[in-house]
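A.B. asks: Construct the complete structure from the given sequences, taking the supplied hints into account.
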Amino acid sequence: MRLRRPVSLLQMMIVVLLDGVWTLSAPDAVSMDSTDMRHTLRWRPLQDSCNTSILYSVQFQGEFEVTVLDGSWVDAPECHLIQHTHCDLTLDLGSDSDYNVQVRGQCGSQPSAWTELRRPFNRRDTVLMVPEMKVSAVVQGLHVVFEKLPLTALVMVTVWRTGDELKVSVYFMSSISLPLFQFILVHLSRFEEGVGRRI
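For reference, each letter of the sequence shown is one residue, going -23 to -1, 1 to 176 in mature numbering (1 follows the signal peptide of the UniProt record, and there is no 0).
Just so you know, the hints here were simulated from the structure itself, not pulled from any lab data.
Keep in mind that a hint or two might mislead.
Think about it this way: if two alpha-carbon atoms lie no more than 20 Å apart in a straight line, the pair counts; the simulated DMTMM-like pairs of lysine to aspartate or glutamate are [what the hints assert, rightly or not]: (1) 125 with 102; (2) 111 with 13; (3) 125 with 10; (4) 111 with 124; (5) 125 with 13; (6) 125 with 109; (7) 125 with 65.
C.D. replies: Structure (structure tokens):
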């Protein structure tokens, strides 16, 4: 019986000591906004009172980290101890595998718990918008200009003469090889009035 009393007293002292310890709440409303292969993690700012700025850090974990690195997490280099409530992970989430992503806040030396995205993110789930396109006639060809293409887009331009839709020319170009990721020049053997074009 005497051994149980000191254990109970010790447990009671720990509970009393921890009762006054302040903990920072974890970020909530964590979501991924992915449009045109640009991936931005967003979360709601913490409302806890803090005598300094609340800073946030983001980590991610892909297939490589799970299978090869025994489930370790990687700090997002551009999103470590930042003040804003969003993080551009476009360059970090660079493969078509599932990624776990988490964020936490920090007030001084006191970190919050991590908050993870509800489900893994895969860049294949990005929302692709219709690109803005301008077409103009140049000597022996068409000059096609695309605005705001995704970094890894594959552009397919299909060109045909009106009335001869069965005879088409198809041009493929990666946005990485386009100057400034925006321009493509399509040369036709003969440019005539009435040439149709479709993307």
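A.B. asks: Taking each numbered hint in turn, which are not upheld by the structure, reported in ascending numerical order?
C.D. replies: Violated hints: none at all, because every hint is consistent with the structure.
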